[in-house]
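**Student:** The residues making up each chain are set out below.
2 protein chains.
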Amino acid sequence: MIDKCLGAQRSRKIQKALRHCKVTILCLVLTIVVLRGTIGAGKFGTPEQDFVEIRDHFYSRKHAEPHRVLEEVQTTSSNDRAAIDTNNYNEFDINKILIDEESDDSKPDSNKACSLGPKISDWDDQRSRWLKENPNYPNFIGPNKPRVLLVTGSSPKPCENPVGDHYLLKSIKNKIDYCRLHGIEIFYNMALLDAEMAGFWAKLPLIRKLLLSHPEVEFLWWMDSDAMFTDMAFEVPWERYKDSNLVMHGWNEMVYDQKNWIGLNTGSFLLRNGQWALDILDAWAPMGPKGKIREEAGKVLTRELKDRPVFEADDQSAMVYLLATQRAKWGNKVYLESAYYLHGYWGILVDRYEEMIENYRPGLGDHRWPLVTHFVGCKPCGKFGDYPVERCLKQMDRAFNFGDNQILQIYGFTHKSLASRRVKRVRNETVNPLEVKDELGLLHPAFKAVKVSSS
Amino acid sequence: MIDKCLGAQRSRKIQKALRHCKVTILCLVLTIVVLRGTIGAGKFGTPEQDFVEIRDHFYSRKHAEPHRVLEEVQTTSSNDRAAIDTNNYNEFDINKILIDEESDDSKPDSNKACSLGPKISDWDDQRSRWLKENPNYPNFIGPNKPRVLLVTGSSPKPCENPVGDHYLLKSIKNKIDYCRLHGIEIFYNMALLDAEMAGFWAKLPLIRKLLLSHPEVEFLWWMDSDAMFTDMAFEVPWERYKDSNLVMHGWNEMVYDQKNWIGLNTGSFLLRNGQWALDILDAWAPMGPKGKIREEAGKVLTRELKDRPVFEADDQSAMVYLLATQRAKWGNKVYLESAYYLHGYWGILVDRYEEMIENYRPGLGDHRWPLVTHFVGCKPCGKFGDYPVERCLKQMDRAFNFGDNQILQIYGFTHKSLASRRVKRVRNETVNPLEVKDELGLLHPAFKAVKVSSS
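Quick note, the sequences are listed as chains H and W, same order. Per my numbering, the first sequence runs over residues 7 to 461. Per my numbering, the second sequence runs over residues 7 to 461.
So that you can see chain H by itself, here it is in the shape it has in the complex:
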């Protein structure tokens, strides 16, 4: 109607203004609801209800406004894609994830990024249809061997600490080595999402995008850039998780009973591709938007979780809160794994490497030989970490060498010590290289071999 009576451009401007109003109202509601959690629910409901309301407010079809908002997104997308001015769309577009750090868009704005994308409800169907039509891209690449994509990343800017990029480089080499041995692909992200990639929330839209783009991926393995593989021989027990969709290192009691903010760790986790993943990402995201929302959500988390310091909302605390307050909804598909170190806190591991070498062997993955050593709090890329810089860097070198030795031994070498970059030969060259037994069986590991048909 409007288009007939006014110029098309004017009508678009009016529609844009209307959309702005709607989003402003929606996000203000969100802010108020979160604020209630800090002031006290009073007669307005509990934090859990708040959390549920925030989520429902965006995705429920019961509310007219969000419904219309979503419809417009979809209509615009399908009908008029070519004409979309991405700048105009940004202000309205709750899908806009990547923020221009130097434009106005990057300033904290409660209107920004209230959802990860248009609601998809039939992803399992879409995905299974695609897999049938694309047998050359199977989601299982061997018996009990899902196709896994390891996702990690860092800021596109050079580190403030000059040596930080060197540790990022060693960290990705470490991941390349593990993944090569285990038949896992890597996606290294450097698109600037928040001010820093280590800004943790940026992983959510990235993960969603990758799941939806790669239906052939069965498990997405998120891993922080400050986490390193220290057991090159350990294969994740995929069968154990056949009924689970999200695997994190943690303990049930610490999450569900204590609501302890470190009851689980989101620095290294497995997420199965599917509708459930999209749903939990949507439920996880609302505390993330930079600025007032994230600050106020942080206060809720500090108040509600055990031992949590005061700081803005982080994805890990938000996950604890989500699971603890909505166990019935998510709990049966979440596996909190403590039998091996899918994430291993560096503080209790790094001084024991020599003892591990003395007494144990790779392949155990647990406290005896941790799969992952995770340097939480070290922040080698930034200027200020939670621990003395020298301790962190020295231990990161040791952890890197501990893992690297397992690669080098395949080829007959080892580091001169865990502190040394230098390597030495431990096995001589031979004219019969194929008779060499590499002790850890990592040269041609069974968990990597994939039968390939000849056509």
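Hints were generated in silico from the structure; no laboratory data involved. Owing to the predicted nature of the structure, the values given are computational and were not obtained by experimental measurement. We treat Cβ as the ideally placed atom computed from N, Cα and C, and that holds for glycine. Each statement offered as a hint is correct.
Partial chain H-side listing against chain W, Cβ under 7 Å, derived:
| id | residue |
| --- | --- |
| 1 | 143 |
| 2 | 169 |
| 3 | 174 |
| 4 | 179 |
| 5 | 429 |
| 6 | 455 |
With a straight-line Cα cutoff of 25 Å, these simulated DSS-like cross-link-like pairs (lysine-lysine) come out:
| id | chain 1 | residue 1 | chain 2 | residue 2 |
| --- | --- | --- | --- | --- |
| 7 | W | 422 | W | 400 |
| 8 | W | 163 | H | 389 |
| 9 | H | 430 | W | 296 |
| 10 | H | 454 | H | 443 |
| 11 | W | 400 | H | 163 |
| 12 | H | 454 | W | 151 |
| 13 | W | 138 | H | 454 |
Place chain W on chain H using the hints.
**Tutor:** Only chain W this time, still in chain H's reference frame:
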């Protein structure tokens, strides 16, 4: 005999001393022969003959001394491996590749590293037997699709230039992206071989080691850390090389006729696993040993090759010299490729990226859209490059973004400009992500799909 009359330890010491003498004599001969090339052959022979003599001196069974030297290496290896004191073995061990930079071993020593390892003559047989016995590790992973291992690396030390590691990080991300799309595995080396990895000669022992350890690898693709993929859609034409064992970017005329030192480039090349590869590595290596040999060999190369500046022997010049002087021996298996940029000199490419975007598309691989942009001479990790630092870094950013855009477009994003780290959305989210056509067909490329058998 000696063992019966003397203690075992004394006899080992005497044998060791004898071996030291032999190796000293051998390497002195090498030095003299190389020196002759600079003084003038006179009645002693031509440089070509010198080159041949150097090689034959080490590997020919016609000379008693080298023969005995090799025998002792093999005997020691197989009989007494457990008792080998690696420190003692180092001085004799011409196989010792990795040099302790802080010990005496690291000082330039004409006794060091005169060969890459014990001579293997039946590698094709060993390899083909292994492949038969290991059908789960085939050397072809699809029709016309060989198994390829991309090998690259950098120093284990932080770069002298603080920003250097950031560029190494971007460079490896770039390689991860290309290789993920093309089903290629990566080996990132950080073991300290020479003073710096960019010391070029260190790649030879690394390559040999990897070929012999990985018989399943059909092609080893060496790529310098300062080379980046700028055409994510281009698949190497493997069929073209079915009768070749070594593929480098270059021109026949410039190598065989002009002996031009940049007639080919060894910053990005393909080497087929097999006996021929071992042989050419052995033939290539003699000019490499640090110190007098490398210096003197450098003078030969400057004198013999067209336009070569004065500096120590480098692997690229040595390859030109090897091919130009022994074409009959190697030439028929060497493919000098100039139809696309397996290596593309950055100087003539980087200012044309906008023009390329305007007029062409990815997938061409050649001057219109180069497969590889190689920043020869920039040396971002060190203090002194051959070009102004700012020009190099700025162009490396542009080249990275040029390639990265091809990855980002898969997911609906692009850099705001070739100079900008920032990204912007160019395709909206949709509730039907699997109907999205990614224009370059990189999301599920045909050259990556591999049929997997179900058992």
